[in-house]
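Novice: What follows is the residue order along each chain.
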Amino acid sequence: MKFNTDEIASVLREEIDRFESGIDVREVGRVLEVGDGIARVWGLSGVMAGEMVEFPGGVTGLAFNLEENSVGVIILGDYLKVTEGDEVRSTGKLLSVPVGDAVIGRVLDPLGNPLDGKGPVVTEHRRPVETLAPGVADRQPVREPLQTGIKAIDAMTPIGRGQRELIIGDRKTGKTAIGIDAIINQKNSGVKCFYVAVGQKDSSVAVAIDILRKYGAMDYTTVIVSGASTAAPLQYIAPYSGTAMAEYFMYNGEHALIVYDDLSKQATAYRQLSLLMRRPPGREAYPGDVFYAHSRLLERSAKLSKEKGGGSLTSLPIIETLEGEVSAYIPTNVISITDGQIYLQPDLFFAGQRPAMNVGISVSRVGGAAQTKAMKKVAGGLRLDLASFRELEAFAQLGTDLDAATQSRLDRGYRMVELLKQGQYQPMDVVDQVLSIYAGTRGHLDAVKREEVAEWEKGFLLFVRDQTPDLRAKMEQTKELDAESERQLEAAIAEFKRQWAAKNGMGAGSTGGSRSLAGTAK
Amino acid sequence: MTSMTSATSDSHDHHAAQQAADGPTDIGVERLSKVYAQAIIEAADRKQCRHEVIDELAGMVHDVLPKVPKAQLVFDSPKVTPEEKSAVINRICAGRVLPTTLHTLHVLARHGRLGILSHVVAAARRQADELEGRRQATFTTAQPLDSAEQSQIVASVEQAIGSSLSPTFIVNPELIGGLIVRIADTVYDHSVATSLVRLRARLKQRSIHEIQYGRDRLGTA
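Going down the list, the protein sequences come from chains L and S. Just so it is clear: in the first sequence, position 171 is 219 by my numbering, and no numbers are missing. Just so it is clear: in the second sequence, position 209 is 575 by my numbering, and no numbers are missing.
These are calculated hints, taken from the structure and not from any lab test. All of these numbers come straight from a predicted model, not from anything done at the bench. Just so it is clear, CB atoms sit at the ideal spot from N, CA and C, and this is done for glycine as well. Hints are not guaranteed to be accurate.
What the hints assert, rightly or not - Partial pick of chain S residues on the chain L-facing surface, computed with a CB cut under 7 Å:
no., residue
1, 393
2, 555
3, 560
4, 565
Only chain L is shown next, with the shape it has when bound in the complex (with noise of 0.2 Å):
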């Protein structure tokens, strides 16, 4: 490309000759001393709490604490870069970041800028950073569902447009895996998706990021890092900013989810900020209003009501546990907030179960209201089965002689429990969620070798979309299981057995797992 030196003058010229160099009134203050992100001012005696501020070189920052003689300013961005004896002015504005289309399938710092090398963010829209949630009048009942893909999750603790359901486990359980496989299903539902990854290592993230765009959900999906080495003040703020881009598609009509990976580093970067600012520690030198930080950014997930555009914010907060210590300070303030949680156990995370979710303490408060009715229909009583299974199982262990009855139920418990695990990465359609799920509560699995019911699974729903196209059109179109439907569907499975029976040369071994282990156990 070459230049037109006389134009670029012509254009300077223009521009000079139009300037008006008006007062510019600002109001000052001093850096008295900086560190760690914060900084202490001397002066701003207007400046108003939560303003941003405008350090030299550009770097903005947040007053904090007002106190009598100074104002504790966190410092967002470079704080290397201020030095003490800076001028320091107000801007009479609150932090705010770029929102609307211009940041879907981008990966973007808290403040909005762009850190996948894509250019700026193009957009005229910009949300602040803190705002109000919809108060109670704006908001209606979290009825429709939002579709994890997962379908332990889907079944027994089903998620809904405006819910907030809390992952919770210690690390290394697949707490990240579920946000992503939540994201990854989002696809073509419409649904907006935000991941705010809080103090993670850059490397998973860019791990996470990888996957997104292998799946082809970047295109719906924005990604707000604020890694584990970035500074205090952006890991606090990261969750606000990314919740001020997703409310902007949920006040105009459109449904959106976001994933907070994780509110514990958010929680720990908020409590060095506080320690550094001279707030009081409380419990385990949290400041006092750490619950009110959690509270006040969840509250901002909703359904809002018809008149407001009947947009929705879902979100799946995660929650890092030591030990899985769920009574520590900052996980039970988050259960309390959210709408229910799942729970992730390491021991059955390395016993094969994945997703490694706990059925017995996982709930979701909003319940089947936020199911597909075939869903409800099917999975009704599968939590309280399988909770009741599993202390069948730690009965079985002890290796008493088991009756009929009891085994029966072990079977199918068994069967069922496998029947749950599910790959990374590979979310299922909720049809096919439902028609798995009526195979493996009616029992037409018990028959099938444990080893084998992933391999039954998914020769079957290959045999429904293949065999039966006009059920699964059906119940796809309606979202609901009737007689009819019920009918045809018990016809495929018959169906489906005598072939399954047939290839693998015999019905061999009906029950021939659990027998060997109640053998052993002798």
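Given the coordinates of chain L, assemble chain S onto it according to the supplied hints.
Specialist: Okay, now just chain S, sitting in the frame of chain L:
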């Protein structure tokens, strides 16, 4: 030593005045000074000699101490006992200053706070200005102003903001031209340097804007 400004004087060097405008380096000292300043003003008011006391203390800080640098060291040092400091004060001041001024110095000596005398005087001056409805203002220009220009500028600013001012004048050639007025924490900046910075930001913004929207007015293929 931190030399503090006295009102209406334009003879101070740039750095000291700048520091006065920018504020203290130690918030603790600032807070202490405020308390002492308030006490001094109240005590002086009872004797109807607020300005005299402040002027005498300021004279001590600005005229006496700079000439005898060792005196400041004696005042600062915790090794010298309060009694010895009082004795020094008596020798320097007794009979030459008002009793309130003398007592003030003795009280500061007894509490080991003589080292922050300059801050106390500055705080007292600020409080006195506040009580009398005057606001401290700093005028920064690129060129030194003569007294006619100074009073003209102060008068017009006083008229604009509707209260009287206690002005300090600073010369800073980096401004290139124009004037910066600072009243408390508010800065009214009409300097050439700031205008240039803003013009630069606008030109940059404009170029980014053009690039973003793909308008190729600047380039020919």
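Novice: Tell me, which hint numbers fail for this structure?
Specialist: Violated hints: none at all, because every hint is consistent with the structure.
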